[in-house]
Each structure stands twice: as structure tokens, then as C-alpha cells.
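Undergrad: Chain by chain, the residues:
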Amino acid sequence: MHPMSRNATRPLGAALLLVLGAACGGGEKPAATPASTAPAAGAGGAFKIALIAKSSTNPVFLSARTGAEAAAKEASAKGHAVEIMWLTPPTEDGQVQAQRVAQAVNEGAGAILLSCSDAAKVTGAINDAVDRGVPVMTFDSDAPQSKRFAFYGVDDAKTGEAVMKELAVQMGDKGKVAILAGNQNAPNLRKRVDGVKAEAAKHAGISIVGTFYHIETPQDAAAEVVRAQNAYPEIQGWAMIGGWPLFTPTLLKDLDPKKVKVVAVDGLPPMLPYVEQGLAPVLLAQPTYLWGYVSVQKIVDKVLNKQDVPVMNNMELVRVTKDSLGKWARQLKEWGFTDVQDKYVKLP
Amino acid sequence: MRSLLRRVFASPQAGLVMVILLLGAVLTAFAGTHPDRLTGLPVNNFLNSHTLLQTATDASFFAIMAVGATVVIISGGIDLSVGSIYALTGVTTALVLRAQGIEAGGTGTVLQAVVVCLGVGLLCGLVNGALVVGLRVHPFIITLGTMWILRGIAFVASKAESILLPSSLTALAKATLGFGQALYPVPLLSMLLTAACGAIYLERTVMGRHVFAVGGNAEASRFSGLRLGRIHIGVFALSGLTAGLAAFLGAGYYGSASCADATGYELYVIASAVVGGASLSGGKGSAVSAMLGALLIVLIRQSIRTLHLDQNYEWIIIGCAIIVAVVLDQSSARLTARRLARQARA
Chain A
2 MHPMSRNATR PLGAALLLVL GAACGGGEKP AATPASTAPA AGAGGAFKIA LIAKSSTNPV
62 FLSARTGAEA AAKEASAKGH AVEIMWLTPP TEDGQVQAQR VAQAVNEGAG AILLSCSDAA
122 KVTGAINDAV DRGVPVMTFD SDAPQSKRFA FYGVDDAKTG EAVMKELAVQ MGDKGKVAIL
182 AGNQNAPNLR KRVDGVKAEA AKHAGISIVG TFYHIETPQD AAAEVVRAQN AYPEIQGWAM
242 IGGWPLFTPT LLKDLDPKKV KVVAVDGLPP MLPYVEQGLA PVLLAQPTYL WGYVSVQKIV
302 DKVLNKQDVP VMNNMELVRV TKDSLGKWAR QLKEWGFTDV QDKYVKLP
Chain B
2 MRSLLRRVFA SPQAGLVMVI LLLGAVLTAF AGTHPDRLTG LPVNNFLNSH TLLQTATDAS
62 FFAIMAVGAT VVIISGGIDL SVGSIYALTG VTTALVLRAQ GIEAGGTGTV LQAVVVCLGV
122 GLLCGLVNGA LVVGLRVHPF IITLGTMWIL RGIAFVASKA ESILLPSSLT ALAKATLGFG
182 QALYPVPLLS MLLTAACGAI YLERTVMGRH VFAVGGNAEA SRFSGLRLGR IHIGVFALSG
242 LTAGLAAFLG AGYYGSASCA DATGYELYVI ASAVVGGASL SGGKGSAVSA MLGALLIVLI
302 RQSIRTLHLD QNYEWIIIGC AIIVAVVLDQ SSARLTARRL ARQARA
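Protein sequences appear in the order of chains A and B. Position in the first sequence counted from 1, then plus 1, gives you the numbering used here. Position in the second sequence counted from 1, then plus 1, gives you the numbering used here.
Treat the hints as calculated values from the structure; they're not laboratory data. A couple of the hints might just be wrong.
[Stated by the list, open to error] The calculated lysine to any residue pairs, modelled on SDA-like cross-linking and capped at a C-alpha distance of 20 Å, are:
| id | chain 1 | residue 1 | chain 2 | residue 2 |
| --- | --- | --- | --- | --- |
| 1 | A | Lys192 | B | Leu165 |
| 2 | A | Lys323 | A | Lys334 |
| 3 | A | Lys259 | A | Lys347 |
| 4 | B | Lys160 | A | Gly211 |
| 5 | A | Lys192 | B | Gln182 |
| 6 | A | Lys148 | B | Gln182 |
| 7 | A | Lys323 | A | Lys148 |
| 8 | A | Lys347 | A | Gln237 |
| 9 | A | Lys198 | B | Glu162 |
| 10 | B | Lys160 | A | Phe213 |
| 11 | B | Lys160 | A | Tyr214 |
[Said to hold, decoys possible] One-sided excerpt, in silico: chain A residues whose CB lies under 7 Å from chain B:
| id | residue |
| --- | --- |
| 12 | Asn128 |
| 13 | Asp129 |
| 14 | Pro145 |
| 15 | Thr251 |
| 16 | Pro282 |
Ideal placement from N, C-alpha and C gives every residue a C-beta, glycine not left out.
Construct the entire structure; sequences and hints are all you get.
TA: In C-alpha cells:
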């Protein structure tokens, strides 16, 4: 008798029932546009854009999705029925992204919009998609060696430089700085780190204590900041090339605004108290909503309106300070963020 | 003909295959269609050659590892380091080829990559086995440690870069073999071949029987004269070898290797073995069932997307499926044991 039990196969019926149960239990929650969740079969000829961001647990990509759906709704109102297929993996994984690109093509997507977790991993999948007649555009993090027709996002090296420049001003052009760098595999973040270092080299009074990588969750990032600060009490400034630790309020208690200054990329609602309390006097916000909104417009222009689209499309950073806090909070609310505190919205 | 059918339905994998087919049928029925880009004819979103092959390809990388991991599980051990072996193997191969300045390469490059991948995988497996046997520490602890160590080595060696591989490796992993544009059957065929080799090893060789014997009752095996140390080292070597093979295919298919590759794969690999009926207490399992387990897990993942369900439920559904499978398997085994006991008394 073979040791593998026949009984082992029986429980798999239960697994199937779970899937069927889930299938019968209702689909994805209705999003901003009805088209956004329509199944491929019911599309009625709508032009489908597969949106594959880095991670569906990162709020910046959820705002990109909101922007993409808004642009799809606008395009639909103008006569081009456009819908967004949300194919973002739950965690960052270039290999899974490559699989999602192939899946989008197999399911009849008309175009793909992608933020690359690992450019080298997805380049082959992008090229396959283009070869099969599906144009691909990248946003946030590019795959420059691929056949993608356009990229929309910030210039990462310049973003790093801008962070360091602002931090140098806040620190009076002297002191010790640490770089918070996120995931070491992301090419766009590495470019930002290089930008920070290049700018720091221009300031004789500034020295860099170290570059700290971490898992890109708010808790892991905040823990890394506290660990580094304890190990190097002389740190007076943090150049954060992403806003991860500021998505939690914990550093408001762990860091003293009189001793430490932070300049961070991003400007999401949970980060606003840091500006208000002076720990992060400047945020360089990426208007992440526009990742989706502008990119979908570019795709519609290129594919449906047959217009020329530049290959490189730069996104400008928005400087958020105490003075512009109210304006930025209102902008976030307008873009669909539901967690903007009213006290900021009411600011002049 | 009737006896053939009876044998097919009575095979240990019949239920698993039927579940996969049934799930496939459900997906086909509810997937919807899209117009073909060339002909304009409707194409089923699931039942088309590209999606089916892509699903098998997605499963193949951890299905191959699951075959090796299943052998370890049958022996009563566990290997948590397979994902890290995959990453280290891919990174080492990429670094070795980059150091020679090879951009495209040819047959020689492919052979070199095969040797490095299988060699590094085998070496990692041997180290795992030697540590388990030599230090007499539970494999869970040893492979938990090597999981971090090996990924750390990959991280330091690669400097966290994603390193491109010569195009000849991608050409091999993505060879169409005449199937048509963007249809790449090499990972699928490799998975089938690995599962077949695993099945032959476990079911048709003395060494395979020894693995079952050790996992079923280590003490009895020792008294029977089996050399447990050798067997344990052998099963970990096999697990490392399959991880190396998966890395060779994965790195070639995606065209690059990085230290973050296959992060979390160990859980999918173990889940595949368990869903395929392997018992974590040892003595039970099958290479073919592990492959089918991997296919089923990928199919469940695929179904969430094909049916346009909220993908946030993916982990919940897979987790539930694994727990339900194991709990029902144990209950079923208890019931069978009771029935056999009753029959024996009668």
C-alpha cells in the first residue's frame, strides 16, 4: 500500500467549497467607478487598463488607484469606455508582478500600467506583453530597458537631492544625518539614496552617519528609526526618502523636535501631525493620486486618441510645510483620502 | 477498459486531480470572455492556452521545490530554507556569469549555469543535512537558521542588486518549443519531469523506501540497520537540489536574480506538500501529490483574480484551505484506523 493516503484528497473538496463560497459571497467592493470592478466578461467592449502597482497594502498605491479610476470615469464620459483592472499583488514581489502582467494580457487587457518592484524581473514580461500587442506604461518606478512606451514619476535622483537640500536648511547646514532608505531592492529608492548622498557631499558641515534599510511597513520603519537613533544619539537629521515611519504617530513621542529634524518624501494624511508639531517641518509630497490619474490619461491619449506621448513624463513634488498644511489637506480630501483630520482641512 | 478506469479512480491522486478539474470547470464557466486581438472571436478568460500555461508556470517553481521538500517531510523533517537556497543559487549563478562578462552566451553558458545552480543547491542541502545530523538539533531550528543565513549571504553578495542573467538562459526557460507566441512550456515540462523522478525515487527505489521507513518509525528503522544519518543528509541534499533546479528555471525565466527572490516560498512549498497529503509527522507523502498540491494552490490564487473576487481574501482562503485539508485528513485517518480495528476484531 502506498503511504500516501487516499483520504488526503478528500479534504481538498473542502478547499474547493471555500473558493466557491467566496465566489458566491460577492465580488470586490464597488469602487469609485462602476467600471472599475466589472468582470472581463461583462465589459461590453470597454477598454481595460490593468493597474499593477507594487503593493496593495501601501496607501500611496490605493490613492493611485483612485486617481486611475477617476481618469477612467472621465474618459468614459467623453466617449471612450475605459475600465481599470486592479491586479496589484498584496506584497512587493517582482516575480508576481511579472505573472500579473502575463495574466492581464491573457485576460484581454488593452493596456497595462505598472510600477516596477524589480525592473529586471518585469522587463521580460513587459516585452512579451508589447510583442502581443498590449502597450505598457510605467509609473513611480520605471523599467527603462523594457519596451514600455512611457514613464510617469518623479526624477528619483533629484528627489533625493531635494530632500537633503531641505534638511540642510532645517539643520543650519551642519550636523549628522541618517538616511532612511526602505527596501534595498527598489531601484528608484537606491537612486534617491544616491541623490541624498550627492547633495550631502556639497555641504561641508553635514556628515552622513549611515543608510538604514527596512521592510516597508510603518512599524518596521519606525522601529528602524528608533534603533538607529539609540545607536547613534548624535543623529540630528533624518533624510527619509519615503514616508513609511511617519504613517504611524509613534515617532511623535520617540523623537524630540528640538533635537532632531526630519524631511521626508510623501505627504499622506497620517504624516500631517509631524508637520504641525515641527518634527518634519518639510514634506516633499508625491501627488500619488496623479500616478493613476495622469498615467491613465496618457494611455488614453496614446492608444485611443492616437496621440504622441513623451517617453519621460516628470511629476513635480509638492512642498508641504506648516503654511501650506490646510491647502494640502484639502487637496488630499478631494483626491479621496478619508483619513484627513478636519482640523487640518479647516486651516487657512 | 473498466479495470483501467477503476485503477485511475483508485489512484491516490485521483481526488486531487478531480478537484483541480472541477475548479477549472467552475473557473471556465464564470471567467467570462474577451475578444481575441487578431480574430475578434471571443476567448474564455481562463480556458485559453496562455492562461493555462501561465498558471502551470506560476506553480512550477515552487512545485519543483515541493517535490524535494516532500521527501524531507516524509522522512520526518522539515526544510524552511528552500526559498533562501533558491535566492542564493540564483544570485551566485548570476554573479558567476557576470564576472565572466557574459551577456548573451550559448550552450556553454547554460551548462555552466546548470552546474552552478545544482551545485550550490546541493551544497546548501548537504550543509543543512550535516548540521541536522551532526548537531542533533531539530531540522526546524537548523533550517530556520540557514533560511536567514543563506538569504543574508545572497544579500551581501549581490549588494541587494537585481542581477541580469545572460539571454541564453532566458531563451532556454522561455523556449516556445513550437507551441506558439508567448507560450513557454519549459517550466511546466520541468515540473512534470521532476515530479516523475520524485515519484520513481520514492516508490520504486530502495532509498525511497528507506525514507518512508525512517519517517514512519525512526527507532524501528535504526534497529533494522538503516543508517539514519545518511538518509537525513540525503533528503536535505535532494531538497537543496530541487531548490537549485527551481532557481535555474526561475532566474532564467524572469531574466534576473536578486536576494529577495522566493521570499516566503517556503510556506507555499510546505503548504503544497501538506495539501498533497504529506504528514508533518513523517512517513506519508507523494511527489506527484505535492505537485498537484502546488497546482491547486496556484489555481485557488488564480481563481480569486479570474472571478474578480477581492484579492485581499487570498491569504485567508489559502490559509483556510490548508487547515481544513489537514484537519479533515487527520479525522479521516482516525476514522479509517477505527474501521480497520473493528474489521480486525470481527
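Undergrad: Taking the closest Cβ pair, is A:Pro282 under 7 Å from chain B?
TA: Because about 31 Å separates A:Pro282 from the closest Cβ in chain B, which is outside the 7 Å limit, the hint is violated.
Undergrad: Does A:Lys323 pair with A:Lys148 here, judged by a C-alpha cut-off of 20 Å?
TA: With Cα atoms ~42 Å apart, A:Lys323 and A:Lys148 exceed 20 Å; violated.
Undergrad: Interface hint check: A:Pro145, Cβ to nearest Cβ on chain B, cutoff 7 Å. Holds or violated?
TA: violated, 13 Å
Undergrad: For the pair we were handed, B:Lys160 and A:Gly211, check the Cα-Cα distance against 20 Å.
TA: Distance ~16 Å between B:Lys160 and A:Gly211 Cα, so the pair holds.
Undergrad: Please work out if B:Lys160 and A:Tyr214 have their alpha carbons no farther apart than 20 Å.
TA: holds, 12 Å
Undergrad: Could you grab the alpha-carbon distance between A:Lys148 and B:Gln182 and see if it respects the 20 Å cut-off?
TA: holds, 17 Å
Undergrad: Once the shortest beta carbon distance from A:Thr251 to chain B is found, is it less than 7 Å?
TA: violated, 25 Å
Undergrad: For A:Lys347 and A:Gln237, compute the direct alpha-carbon distance and say whether it is at most 20 Å.
TA: violated, 32 Å
Undergrad: Just to be careful, I want the Cα atoms of A:Lys192 and B:Leu165 compared with a cutoff of 20 Å; is the pair within it?
TA: holds, 18 Å
Undergrad: Does A:Lys198 pair with B:Glu162 here, judged by a C-alpha cut-off of 20 Å?
TA: Between A:Lys198 and B:Glu162 the Cα gap is close to 18 Å, so the pair holds against 20 Å.
Undergrad: Can the restraint linking B:Lys160 and A:Phe213 be considered satisfied, given a maximum Cα separation of 20 Å?
TA: Status holds; Cα separation ~14 Å.
Undergrad: Against chain B, with CB atoms and a cut of 7 Å, does the hint on A:Asn128 hold up?
TA: Hint violated; A:Asn128 Cβ to chain B Cβ min 9 Å, cut 7 Å.
Figure legend: structure checked against the earlier numbered hints; hints not met, in rising order: 3, 5, 7, 8, 12, 14, 15 and 16.
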